[in-house]
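Colleague: Chain by chain, the residues run as shown.
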Amino acid sequence: MKGLTRKEELTMLSILNLQRNAYLIAITDHLSKITCKKVSVTSVHLPLSRLEKRGLIESEFGEATAVRGGRRKRIYRVTKIGFKELNEYKRISDMLWTNYSMLSVQDE
Amino acid sequence: MKKRNNPPRILEVFLNAFLSPEDRESLLGDFNEMYDRILKEGGVMRAIFWYVFHILKLVPAYVGNKIYWSYEMFKNYLKIGIRNLKKFKSFAFINIIGLSVGIACILLIVLFIKSELSYDRFHHKLDNIYRLSSNWHRPDGSVSRHGSVPIPTGPVIKEYFVDDIRFFARVCTMEFTVRRGDILENLDVTLTDEAFFKLFTFPLLDGNPSHVLSSLNSVVLSETLARRYFGNENPLGKRLTLIMGEYRNDFIVSAVAKDPPNNSSIKYSLLININCLGSFRREGFLSNWDTTSPQWQTFIEVMDSNSIKRITNGLPQFTKLHISDEDQFFTLQRMRDIHFDQRDTGTPDLTEIYILSAIAFFILLTAVINFMTISVGNASYRFREIGIRKLVGAVRKQLMGQFWSESIFITAVAVFLAVMIARALLPVFNTLTTKSLVFSDILSLSNIAVLFLFTMIVGISVGSYPALILSKFKPVDLFKGKQRLSGKNSFTRILVIMQFSLSIILIVVVIGLSRQIRFILNKDYGFNRENVIIVETHKREVESSERLYEKFRNRLLNQANIIRMSSASGSYMRAGAGMSNFLYDGCSYKASYMRVNFDYFKTMELDFVEGRDFSHEMSSDMQALVVNESLVQTLGLKKAVGTQIRYNSRIFTIIGVVKDSHIWRMDSQIFPALYYINPMKPYRYVLIKISPHHLSETLDRIRATWEELEPDKPFSWSFLEEDIESQVMDENRWKNIVLYSSLLAVFVACLGVFGLTSISVARRVKEVGIRKVCGATVANVVGLLTREFIKWVILANVIAWPVGWYVLHKWLQNYAYKISISPAFFMIAAFSMVSVVLLTTSTLTIKAALANPVDSLRYE
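Chains as they are written, first to last, in this note's numbering: chain C, 1 to 108; chain F, 1 to 860.
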């Protein structure tokens with residue numbers, strides 16, 4: 001299985017954070033807030049469609065608002081496979097961090 | 001309430017077009033939201049800018065995608081299309097050949113029409129140039145017109161309407177003998193006025209248009225003629241000699257003009273000032289108000305559009321001043337119209353254009369119809385393909401695109417072939433239409449653009465059936481074999497019957513035309529045309545022509561094989577035709593007249609009904625007339641001989657009556673005619689009756705004698721029979737046009753019949769097998785398969801006969817002497833059509849009938 005890019009990983013994590021309100025613009029806003037950087041909508045849409053194609057996330061239509069011209073949102077949700085994949089990434093990086101902190105402790 | 005800030009509608013429409021259907025809604029919503037946010041932060045301009053920027057970012061990918069997938073689909077269509085062509089080779093052949101023949105016809109016609117319509121359009125002053133024409137009230141109330149006025153009209157009318165006419169130019173052609181160095185030839189010389197080159201747009205290679213013809217002895221040559229006479233030398237200032245009769249005059253070349261374009265009504269090769277006729281002792285010609293001739297035209301350039309009204313209003317007054325004949329009046333004719341005035345120029349007129357284009361259009365229509373009937377008949381083979389495509393997800397639009405691209409592809413191939421065919425047929429076409437079109441005309445840029453458009457139109461129309469009907473069917477019906485093409489039978493039937501009808505009409509017309517031609521040629525003219533030679537004397541002066549004739553006669557008559565000689569002022573289909581008035585019993589009558597020499601009636605073998613021939617012994621015969629039977633009838637004479645008639649202000653006595661004969665032309669009734677002897681005027685033609693033995697020897701001897709007597713004059717001669725044949729030139733041309741068109745029409749129709757037969761044979765294989773098993777003979781089966789076509793042909797005959805009859809009837813009304821339309825024409829046409837259809841279908845039907853039923857039935 002192909003791995004996740006950093007962007008994809010962050011996008012999926014944002015979806016998890018946002019819970020039931022994870023649509024394109026909310027995700028973008030969330031990412032900008034977390035990273036303190038300007039994130040463009042386009043740069044989020046691309047990983048989203050890639051992830052959806054791979055089956056790591058899925059989507060359904062949400063509510064429509066006036067500001068959207070009466071159009072429904074596409075709400076994303078992380079699938080089981082996606083969640084497993086994310087956990088795998090977390091496990092690996094946790095392990096690496098743990099190893100590192102143990103080494104630092106020894107150095108001191 | 002919160003104000004909604006929606007992006008401009010137009011931008012949304014754009015964005016909408018670029019997005020894929022499943023993303024459309026949510027993304028548009030997202031875009032709206034972002035737009036709203038940016039608008040609140042940075043204002044409308046920024047928001048719109050952001051929106052547009054994102055749309056533009058989508059364009060390259062979108063376009064790339066579109067092109068890629070269209071290309072992929074096109075590759076598939078092309079492959080399937082070519083496979084289908086290969087699978088049904090005979091149909092592909094029929095479609096492509098049929099279409100290309102049809103298109104080739106259209107190509108040639110378009111070329112022809114373009115050249116016709118471009119006639120005389122190159123004159124800069126086209127709209128201000130008018131031609132004066134003479135009109136006569138006929139006794140029956142109609143008006144006859146020809147585009148000529150008496151020679152003196154030009155300068156006089158210019159004086160009369162001095163404020164309204166800027167220039168005038170008479171354009172007359174007259175035959176002169178031209179001598180330049182060793183070259184001696186007869187040439188049609190154009191006599192005109194100074195203003196010729198100012199009035200018309202005929203560029204001079206050098207020389208000032210206003211002066212080149214101002215001197216009476218200057219001559220302007222066409223480029224071709226200049227090259228012929230002077231080679232590479234500079235012709236300016238060189239001399240050449242023009243000879244007319246006894247008179248000759250030297251001329252100095254003052255300019256060389258470009259050759260007149262092919263599409264010019266006015267042709268010239270050598271131009272001189274008309275006023276120089278004095279040097280040829282023809283001053284009378286310039287002041288003769290009594291005569292007009294198609295070779296003498298007068299053009300004027302009017303000042304402006306108001307002038308034309310004033311001139312038109314003033315013309316009757318002007319005519320009255322100069323013309324004594326009360327029935328005659330002048331009118332103006334626009335320069336742009338004169339090419340289509342067939343009465344003067346003898347060029348193809350608009351009717352001819354209409355007829356030719358109708359025929360070409362019908363041939364193309366036939367080919368298109370064939371294409372459609374074949375695709376209808378063949379459609380069932382493609383049901384599965386269409387079904388699969390629909391199942392896989394093709395929408396109707398795509399299927400239509402596929403069928404249309406297929407038919408456009410085939411049409412493109414056909415157009416390519418058509419250009420080749422047109423190129424091959426061009427020489428034939430040129431002879432038929434007496435044009436000189438060249439192939440490069442076909443390939444001009446505008447024509448290629450037109451061809452492209454044409455390909456699209458024809459392609460779309462021939463593919464319309466499969467594209468519109470086949471794409472409609474439901475896949476399930478297609479697979480189940482439920483789908484039947486309903487209503488196609490009557491459609492096909494009508495189409496095929498139309499093709500047959502057209503072919504039959506053309507065949508009937510061809511038969512009628514050739515019968516009439518044969519009738520004209522074989523009719524009893526009243527004289528014996530065989531072995532009579534006409535020699536032109538080129539003499540305008542009495543004394544010399546008499547002397548020449550006497551010398552000629554004395555030398556020739558005692559030689560073997562020369563039976564008789566005479567001379568006359570005119571001859572069949574040649575100059576000298578004229579009508580004149582004579583007085584009898586105080587009343588005026590019209591008659592055609594001919595001055596003849598002794599022995600004329602013997603040479604022509606015209607039989608006397610009454611009285612006697614002119615005789616050398618009777619000096620009173622100078623005042624004597626021989627008349628024809630019509631004249632006697634017209635005057636109601638009981639005893640013609642001895643009757644006195646006043647003609648040319650002299651009294652003549654009738655001494656003999658000859659049988660009626662066609663002395664000028666066949667297309668009019670025989671008029672009353674009078675023959676007289678008048679040695680005071682020159683005889684234009686020498687008639688020699690020779691014996692049919694040793695023809696070439698006799699001819700050589702006559703030529704040798706001529707050259708000995710008249711070294712200055714070319715020996716121009718013809719057989720009387722040839723002159724008679726020349727009158728049906730036009731008819732022959734038409735016969736050939738219709739003949740070729742009918743061949744093409746029959747050919748294309750046969751292609752269609754062949755295609756239809758092969759479809760119906762393929763469809764009825766099993767039926768034929770069962771019939772054979774049950775005991776049907778080969779003849780039965782062939783009959784079964786052809787019966788339908790024969791029925792169609794018969795129906796087509798019923799439609800075509802009245803039309804054919806009407807066309808022939810209309811055309812024959814032009815002739816005073818004509819064949820009656822016989823049922824045989826129609827029978828022959830019907831018979832030939834039936835046999836052609838039988839022949840075309842026979843290979844297929846006989847093959848089907850001979851096939852072993854085991855082969856066709858073994859799958860059941």
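Hints are computed from structural coordinates only; laboratory data are not their basis. Only a predicted model underlies this, so the values are computations on that prediction, with no experimental measurement involved. Glycine included, every Cβ here is placed at the ideal spot set by N, Cα and C. Worth double-checking, as some hints may not be accurate.
What the hints assert, rightly or not - With a cut-off of at most 35 Å between alpha-carbon atoms, the simulated DSBU-like pairs for lysine-lysine come out as follows:
1) F/Lys86 - C/Lys7
2) C/Lys53 - F/Lys125
3) C/Lys38 - F/Lys66
4) F/Lys810 - F/Lys435
5) F/Lys309 - F/Lys125
6) F/Lys66 - C/Lys2
7) C/Lys37 - F/Lys40
8) F/Lys810 - C/Lys37
9) C/Lys53 - F/Lys810
10) F/Lys40 - C/Lys7
11) F/Lys57 - C/Lys2
12) F/Lys258 - C/Lys53
13) C/Lys53 - F/Lys66
14) F/Lys125 - F/Lys40
15) F/Lys435 - C/Lys33
16) F/Lys435 - C/Lys53
17) C/Lys38 - F/Lys57
To be verified - Beta-carbon label-pair distances, calculated as ranges:
18) F/Leu78 - C/Lys2: 48 to 58 Å
19) C/Thr65 - F/Val52: 38 to 48 Å
20) F/Leu78 - C/Arg91: 50 to 60 Å
21) F/Leu58 - C/Arg77: 38 to 48 Å
22) C/Thr65 - F/Ile457: 50 to 60 Å
23) F/Gly64 - C/Arg77: 44 to 54 Å
24) C/Arg77 - F/Ile457: 19 to 29 Å
25) C/Thr65 - F/Leu58: 45 to 55 Å
26) C/Arg91 - F/Val52: 41 to 51 Å
27) C/Arg77 - F/Leu453: 15 to 25 Å
Claimed, not checked - Some chain C residues well away from chain F (every beta-carbon gap over 10 Å; in silico):
28) Ile25
29) Thr42
30) His45
31) Glu58
32) Ala64
33) Arg72
34) Lys80
35) Glu88
36) Arg91
37) Thr98
Colleague: All hints, please: hold or fail.
Modeller: Results for each hint:
Simply put, F/Lys86 and C/Lys7 have alpha-carbon atoms about 55 Å apart, too far for the 35 Å limit, and the pair is violated. Pair hint C/Lys53 plus F/Lys125 does not hold up; C-alpha atoms about 75 Å apart against a cutoff of 35 Å. With a C-alpha separation of about 33 Å, the suggested pairing of C/Lys38 with F/Lys66 holds against the 35 Å cut-off. For the hint pairing F/Lys810 with F/Lys435, the CA-to-CA distance comes to about 26 Å; that is within 35 Å, so the pair holds.
Among the hinted pairs, F/Lys309 with F/Lys125 is consistent with the structure: their alpha-carbon atoms are about 18 Å apart, no more than 35 Å. Our distance criterion of 35 Å between C-alpha atoms is met by F/Lys66 and C/Lys2, whose separation comes to about 29 Å. Among the hinted pairs, C/Lys37 with F/Lys40 is consistent with the structure: their alpha-carbon atoms are about 20 Å apart, no more than 35 Å. Restraint check for F/Lys810 and C/Lys37: the C-alpha separation of about 93 Å exceeds 35 Å, so the hint is violated.
Of the pairs offered as hints, the one joining C/Lys53 and F/Lys810 is violated, with about 79 Å between alpha carbons and a cut-off of 35 Å exceeded. For the suggested pair F/Lys40 and C/Lys7, the alpha carbons sit about 28 Å apart, so the restraint of at most 35 Å is met. Simply put, F/Lys57 and C/Lys2 have alpha-carbon atoms about 28 Å apart, close enough for the 35 Å limit, and the pair holds. For the suggested pair F/Lys258 and C/Lys53, the alpha carbons sit about 78 Å apart, so the restraint of at most 35 Å is broken.
For the given pair, C/Lys53 sits about 21 Å from F/Lys66 by alpha-carbon distance, which is consistent with the 35 Å threshold. In summary, the hint linking F/Lys125 to F/Lys40 is not supported, as the alpha carbons are separated by about 70 Å, beyond the 35 Å threshold. For the hint pairing F/Lys435 with C/Lys33, the CA-to-CA distance comes to about 86 Å; that exceeds 35 Å, so the pair is violated. Using a Cα cut-off of 35 Å, the hinted pair F/Lys435 and C/Lys53 is violated, with the two alpha carbons roughly 71 Å apart.
For a cut-off of 35 Å, the pair hint linking C/Lys38 to F/Lys57 stands: about 19 Å separates their Cα positions. For the pair F/Leu78 and C/Lys2, the beta carbons lie near 37 Å from each other, so the given range of 48 to 58 Å is not met. In this structure the hint that C/Thr65 and F/Val52 lie 38 to 48 Å apart at CB is violated, the actual value being about 24 Å. Taking 50 to 60 Å as the suggested C-beta distance range, the pair F/Leu78 and C/Arg91 conforms, at roughly 55 Å.
At roughly 27 Å, the beta-carbon separation of F/Leu58 and C/Arg77 lies outside the given 38 to 48 Å, and the hint is violated. For the pair C/Thr65 and F/Ile457, the beta carbons lie near 52 Å from each other, so the given range of 50 to 60 Å is met. The hint said 44 to 54 Å for the Cβ distance between F/Gly64 and C/Arg77, and at roughly 32 Å that hint is violated. Taking 19 to 29 Å as the suggested C-beta distance range, the pair C/Arg77 and F/Ile457 does not conform, at roughly 56 Å.
C/Thr65 and F/Leu58 have their C-beta atoms about 24 Å apart, which leaves the hinted 45 to 55 Å range violated. Hint check: C/Arg91 to F/Val52, Cβ distance near 45 Å, so the stated range 41 to 51 Å holds. Between C/Arg77 and F/Leu453 the beta carbons are some 56 Å apart, a value that contradicts the proposed interval 15 to 25 Å. C/Ile25, annotated as away from the interface, has a beta carbon of chain F within 10 Å; the closest lies near 5 Å.
Against the 10 Å criterion, C/Thr42 falls within the reach of chain F, whose nearest CB is about 7 Å from its own CB. At the 10 Å boundary, the C-beta of C/His45 falls inside the reach of chain F, the nearest C-beta of that chain being 8 Å off. Chain F leaves C/Glu58 outside its interface by the beta-carbon criterion, the shortest separation being 13 Å against a cut-off of 10 Å. Against chain F, the non-interface label of C/Ala64 is violated: not every CB pair exceeds 10 Å, the least being about 7 Å.
Listed as outside the interface, C/Arg72 is inconsistent with that label: its C-beta sits roughly 6 Å from the nearest C-beta of chain F, within the 10 Å cut-off. The claim that C/Lys80 is not at the interface with chain F holds, since no C-beta of that chain comes within 10 Å of its own (minimum 23 Å). Distance to chain F confirms C/Glu88 as a non-interface residue, since its nearest Cβ pair spans about 29 Å, more than 10 Å. Its beta-carbon lying about 33 Å from the closest one in chain F, C/Arg91 satisfies the requirement of being farther than 10 Å from that chain.
Every CB of chain F is more than 10 Å from the CB of C/Thr98 (nearest about 40 Å), matching its label as outside the interface.
Violated hints for the displayed structure, listed by number in ascending order: 1, 2, 8, 9, 12, 14, 15, 16, 18, 19, 21, 23, 24, 25, 27, 28, 29, 30, 32 and 33.
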